[in-house]
Amino acid sequence: MLRITGGKVYDPANGINGEVRDICIADGKVVANVEGGRTIDANGMIVFPGGVDIHTHVAGAALNFARALTPENQRVAAKFLHTKETRMGIGGQTPTTFATGYLYAGMGYTTVVEAAVPVLSAKHTHEELRDTPIVDKACCLLMGNNELVMDLLEVGEYEKAKHIVAWLISAAKTYGIKAVNPGGVAAWKFGKDAKQIHSPIDGYNKVNPGMIIANLAKICDELGLPHPMHLHCNNLGVPGNVSTTLETMKLLEGNRAHMAHLQFHAYGGDDWHTMRSESVQLAEYFNTHPNLTCDAGAVLFGNAVTITADGPWQHLLYQLTGRKWGNLDVENETGCGIVPYTYKGSNLVNAVQWAVGLELLLLINDPWRIFLTTDHPNGACFWRYPEIIHLLMHADIRRERVRALPEAALSRIYLADLDREYTLYEIAIITSAGPARALGMKQKGHLGVGADADIAIYNQNPDGELMFRYPRYVLKGGEVAVEEGEIRSVKDGHEFVCQPSYDAGIEDYLKPVFQQQYTMSFENYPVDAERVHGMQIAECSYQKTT
Amino acid sequence: MGGKVSCTLGEVKNRADFILYWGGNPAECHPRHFTKYTIMQKGKFLPEGRKGRTMVLVDIRETMSVKAADIFLQVRPGKDFEVVTALRALVKGNRVDTALVEETGLKLEQLQDLVDRMKRCKFGVIFFGMGLSMTRGKHMNSAAVLTLAAEMNAFTKFVAMPMRGHGNVAGADMVLRWTTGYPFGVNLCRGFPRFNPGEFSTVDLLVRGDIDAAFVLGADPGATMPQPGIDTLARVPTIVLDPKVTHTSKLARVHITTSVTGISSPGTAYRMDEVPLPLRPVLKSPYPSDEEVVRRIIAAVDKKSAWLPKPATMASGVM
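Same order as they appear, the protein sequences are chains A and B. If you read the first sequence in this note's numbering, its first letter stands for residue 1, the second for the next number, and so on. If you read the second sequence in this note's numbering, its first letter stands for residue 547, the second for the next number, and so on.
Treat the hints as calculated values from the structure; they're not laboratory data. By construction, the Cβ of each residue, glycine as well, lies at the ideal position given by its N, Cα and C atoms. Misleading hints may appear alongside valid ones.
Straight-line distance between alpha carbons at most 16 Å, and here's what the computed EDC-like set of lysine to aspartate or glutamate pairs gives [stated by the list, open to error]: (1) A/84 to B/848; (2) A/511 to A/492; (3) A/218 to A/159; (4) B/590 to A/151; (5) A/442 to A/507; (6) B/668 to A/202; (7) A/218 to A/270; (8) B/590 to A/202; (9) A/160 to A/507.
A few chain B residues that face chain A, going by a derived Cβ cut-off under 8 Å, partial list only [what the hints assert, rightly or not]: (10) 552; (11) 554; (12) 555; (13) 556; (14) 594; (15) 696; (16) 726; (17) 727; (18) 728; (19) 734; (20) 737; (21) 813; (22) 814; (23) 815; (24) 821.
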């Protein structure tokens with residue numbers, strides 16, 4: 001039992017905006033009242049629901065590939081010593097699993113979504129998540145280039161495709177689905193890409209990216225998944241890609257969708273020399289279409305490692321940068337590319353990218369529909385979120401930073417014209433309440449009675465960066481996990497999975513196709529439930545309101 | 547710079563119309579490779595199976611694998627790096643000195659033909675074995691082959707993969723990466739991971755005699771290490787966990803017999819393409835699993851009062 005008293009509470013899901021009130025905790029949940037137990041005096045502090053990261057890459061074959069590919073990053077990264085409470089590890093661009101748990105919790109984040117999991121290596125992802133302490137976790141399954149599904153769409157077998165998707169989600173023990181460069185990664189298997197969302201994909205007569213997108217969005221809604229399709233659009237990072245993004249959004253009218261790392265999809269211009277921000281155009285459309293949510297995918301200057309299932313894009317980035325390139329195509333399902341990257345303030349393209357991330361966060365007027373992410377570790381590391389929060393809260397500091405950009409960048413961005421400054425209430429929405437709602441996690445992102453007692457308590461400080469980087473206390477499941485920068489109690493978090501229903505007969509179709517196209521036994525393909533540590537099954541109870 | 551451009555084995559089965567084995571003898575060392583993943587299979591985009599694929603073998607001698615190859619290129623020992631470098635130049639259309647190529651035991655026309663075939667294919671793959679990665683040039687050879695595969699993607703789809711073996715070596719590599727950030731050669735003496743192959747690799751530590759105890763799990767260094775390394779293992783307290791009597795267990799102070807993973811105890815094994823496979827026991831064993839023994843050792847060590855550094859602080863400023 002525990003009581004937090006005297007702190008200013010920011011709980012947007014329950015409309016509480018900085019009121020001083022007590023939060024009581026028993027058995028890991030927020031309750032109405034407790035007698036006895038520890039009291040945390042939070043005078044002069046602010047109380048937030050624990051952060052929820054809706055899109056990050058912290059575990060799995062791709063990230064583990066990146067770790068091996070970039071030992072030079074690990075060498076200069078923060079070290080975590082082996083102690084009685086903590087396992088040793090390394091921070092940096094691609095933190096080790098234990099360090100990931102400590103770094104997220106140390107920043108006040110208590111739930112994270114690993115955004116890209118192939119079915120074939122889902123076992124591996126779950127093993128890594130088991131070794132990621134403190135935080136709760138969920139996974140999105142890569143589905144936008146799954147050939148089993150695409151082959152069925154080619155012959156107009158929508159219902160069968162839907163059952164396959166449901167079977168795969170259940171088999172891989174994931175929470176939702178993600179589509180990455182739909183069709184483009186499948187085409188990459190023979191060295192091609194899918195640039196036009198209405199043109200057939202290489203190797204298909206009918207299936208085009210738009211068809212995959214529209215069908216997967218519909219499937220997610222019909223299966224009642226708590227989180228909509230998580231979409232990484234075609235033409236990521238390419239100048240002029242805003243037209244693809246807008247066309248894609250139009251296809252999604254009538255269904256829910258989550259647009260991942262929107263910053264990377266909001267560019268105008270014809271080439272690298274004329275690239276410009278199209279955040280205004282994109283935000284205008286987005287603001288009037290409440291079926292969509294998005295995360296920022298903001299960029300900060302400095303070193304990053306780009307990791308994505310978008311194989312063809314990574315080949316281009318390798319050619320552009322001349323740096324190391326990792327590629328791993330996953331049979332029949334997806335791909336993966338890795339290229340270390342440095343965002344430079346002096347580089348025109350990078351300057352535009354930096355501005356676009358912030359512009360989207362400022363121009364999309366409903367904080368319940370845009371969430372703070374950097375597409376870690378692509379745009380910047382997750383442990384740099386406080387730097388972005390600080391910029392969102394201070395227009396003058398943004399303008400000062402804009403002045404340091406190359407002259408040529410100034411006419412291509414809108415950032416200096418934007419006066420909006422985020423309030424603490426809005427920060428609580430974009431870091432916690434909003435993503436929890438978009439994920440359909442009713443027990444997360446708020447501090448009402450019945451919520452999981454995942455709570456971040458910060459010393460109030462005009463310097464937002466300092467305030468949000470070093471929480472005074474972090475509670476996970478009602479226990480003090482972090483206190484004044486030190487890890488106190490290390491408990492394992494849960495993993496949330498969905499088990500949508502499917503026609504059991506689908507296995508009769510799936511098995512022979514699988515044995516023809518894959519290289520393992522069908523029986524070895526699904527992940528056994530006992531291999532998912534702390535598994536909790538979430539209900540598939542979403543219903544479309546018309 | 548190169549990197550590593552690869553795929554899972556199912557991609558090879560479904561798509562690879564050009565398969566190059568370099569410095570390996572899969573017919574004897576990976577006997578299921580041809581039949582299960584590469585040349586013999588009918589793939590989704592290769593309905594003709596073997597007929598639709600070209601297989602090239604590069605090695606220093608005629609092995610059992612030659613019979614399976616369409617083209618065999620015999621390289622002079624120690625000249626692999628030169629051959630790869632010449633290929634990289636030819637791929638880019640640069641001129642290559644005939645005399646330099648002939649020092650490798652091959653002719654320029656043979657290399658040009660190889661490059662033409664590589665560029666013509668729809669999906670090419672290079673599998674490289676220890677005949678490349680552990681001979682003169684070592685990791686430089688691996689880096690050169692990986693770079694060749696990466697650069698080929700300017701022309702067509704191309705990937706490369708090491709022919710890994712020795713039990714679950716890929717699995718050990720994967721676990722080390724997510725726990726320490728590094729794939730091998732990790733030193734934890736300072737309470738956090740450090741990486742320096744050549745300094746912290748097992749063979750270097752053993753040969754230098756830098757260790758004062760050894761714990762050997764699922765390996766037999768007593769059979770493969772250089773003699774000074776083996777001498778170190780015999781000198782210090784060495785503990786071996788192994789189902790069988792091995793060269794190492796014979797010189798160890800302690801040998802704990804364990805059950806065979808995958809036969810009598812469950813677990814996960816990683817294929818050479820880093821795809822995990824669940825292992826399910828089919829027999830019962832009177833012996834404990836490796837995992838159980840290690841857990842019991844950890845529990846016993848936990849009871850001892852240990853030296854511990856100061857608790858880690860999060861507030862270090864630089865992450």
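Hints and how they fare:
This hinted pair checks out: residue 84 of chain A and residue 848 of chain B have alpha carbons roughly 10 Å apart, not beyond 16 Å. Proposed proximity of residue 511 of chain A and residue 492 of chain A is contradicted: the alpha carbons are some 35 Å apart, above 16 Å. Restraint check for residue 218 of chain A and residue 159 of chain A: the C-alpha separation of about 11 Å stays at or below 16 Å, so the hint holds. As the CA atoms of residue 590 of chain B and residue 151 of chain A are separated by approximately 12 Å, the hinted pair is consistent with the 16 Å bound.
Proximity of residue 442 of chain A to residue 507 of chain A is assessed by CA-CA distance (about 32 Å); at most 16 Å being required, the pair is judged violated. Proposed proximity of residue 668 of chain B and residue 202 of chain A is supported: the alpha carbons are some 13 Å apart, at most 16 Å. Restraint check: the Cα-Cα separation between residue 218 of chain A and residue 270 of chain A comes to about 33 Å, which exceeds 16 Å; the hinted pair is violated. Straight-line distance between C-alpha atoms of residue 590 of chain B and residue 202 of chain A comes to about 15 Å, which keeps the hinted pair within the 16 Å bound.
For the suggested pair residue 160 of chain A and residue 507 of chain A, the alpha carbons sit about 11 Å apart, so the restraint of at most 16 Å is met. Hint status for residue 552 of chain B relative to chain A: holds, with the closest Cβ pair at about 5 Å, below 8 Å. For residue 554 of chain B, the shortest C-beta to C-beta distance to chain A is roughly 5 Å, which falls under 8 Å, so the interface hint holds. Hint status for residue 555 of chain B relative to chain A: holds, with the closest Cβ pair at about 5 Å, below 8 Å.
Residue-level restraint check for residue 556 of chain B holds (minimum Cβ-Cβ distance to chain A is 3 Å; threshold 8 Å). At its closest, the beta carbon of residue 594 of chain B sits 15 Å from a beta carbon of chain A; the interface hint therefore is violated under the 8 Å criterion. Because the closest C-beta pair between residue 696 of chain B and chain A is about 6 Å apart, less than 8 Å, the hint holds. Restraint check, residue 726 of chain B versus chain A: the minimum CB separation of about 6 Å is within 8 Å; hint holds.
For the restraint placing residue 727 of chain B at the interface with chain A, the shortest Cβ-Cβ distance is roughly 4 Å, inside the 8 Å limit, so the hint holds. Proximity of residue 728 of chain B to chain A holds as hinted, the smallest CB-CB distance being about 6 Å (cut-off 8 Å). Here the hint on residue 734 of chain B is kept, as its CB sits about 6 Å from the closest CB of chain A, short of 8 Å. The beta carbon of residue 737 of chain B comes within 4 Å of a beta carbon in chain A, closer than 8 Å, and the hint placing it at the interface holds.
The interface hint given for residue 813 of chain B is broken, as the beta carbon of that residue sits about 11 Å from the closest beta carbon of chain A, more than 8 Å. The beta carbon of residue 814 of chain B is positioned within 8 Å of a beta carbon in chain A (closest approach about 7 Å), and the interface hint is therefore held. The interface hint given for residue 815 of chain B is broken, as the beta carbon of that residue sits about 11 Å from the closest beta carbon of chain A, more than 8 Å. At its closest, the beta carbon of residue 821 of chain B sits 6 Å from a beta carbon of chain A; the interface hint therefore holds under the 8 Å criterion.
Of the numbered hints listed earlier, those contradicted by the structure are 2, 5, 7, 14, 21, 23.
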